[in-house]
Amino acid sequence: MLCSSSKLTKLYLNENQIGDEGLASLAGGMLPGGASGLEELRLSFNRFGDRGAQALADCWKRGGGRHLRHVLLASNRIGDAGAIAFAGAVDETPLLQVLTFGNAMGGNLIGDDGARALANSVVDAMPHMIELNLKLNPISPQTRQEIYSLLLNRNVLLIDLP
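Each residue of the sequence shown is one higher than the one before, starting from 2 at the first, in this note's numbering.
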């Protein structure tokens, strides 16, 4: 489906129960030659976890996220390992402005280690980032404060209200 959709710029697949295997297949279709021109990707409420997150991060490392500006991944099962995978791949998404791992309806399972990795990647590799949303993830108050201070110096809005 995505392999012949090189002009596709927005993909909204919220609430489709994609799971890890489905996300791995979708990520394969986002590689260069497929739908690598995506600017907005919405995958909230899809029941994928760290394995799916790793597949999407690997896709980004291979050039599948070069045009992404908004990525919404709220209410899935992404933990620290998935967040760390994304943190290691965001330098390949140079236009990314909004990265959402939580919203008023639900978060993920990202804890202190994953949240720190994401925040550090924003500082180190994401010049256009304006919003990192970690709402409703199990992050300690101390780590929330650390991340808030780190991102405040970069003028990045951290959304992480319990």
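Source of the hints: derived by calculation from the structure; they are not laboratory data. In this text, a Cβ means the ideal position worked out from N, Cα and C, and glycines have one as well. Among the hints, a few may not be true.
Computed Cβ-Cβ distance ranges for the label pairs, DEER-style [claimed, not checked]: (1) Glu147 <-> Gly64: 31 to 37 Å; (2) Ser150 <-> Ser26: 26 to 32 Å; (3) Leu153 <-> Arg70: 19 to 25 Å.
The calculated lysine to aspartate or glutamate pairs, modelled on EDC-like cross-linking and capped at a C-alpha distance of 20 Å, are [as the list claims (entries may be wrong)]: (4) Lys136 <-> Glu93; (5) Lys136 <-> Asp114; (6) Lys8 <-> Glu22; (7) Lys11 <-> Glu41; (8) Lys62 <-> Glu147; (9) Lys11 <-> Glu40; (10) Lys8 <-> Asp21; (11) Lys11 <-> Asp113.
Failing hints, ascending? The structure breaks hints 2, 4, 6, 8, 10 and 11; every other hint is satisfied.
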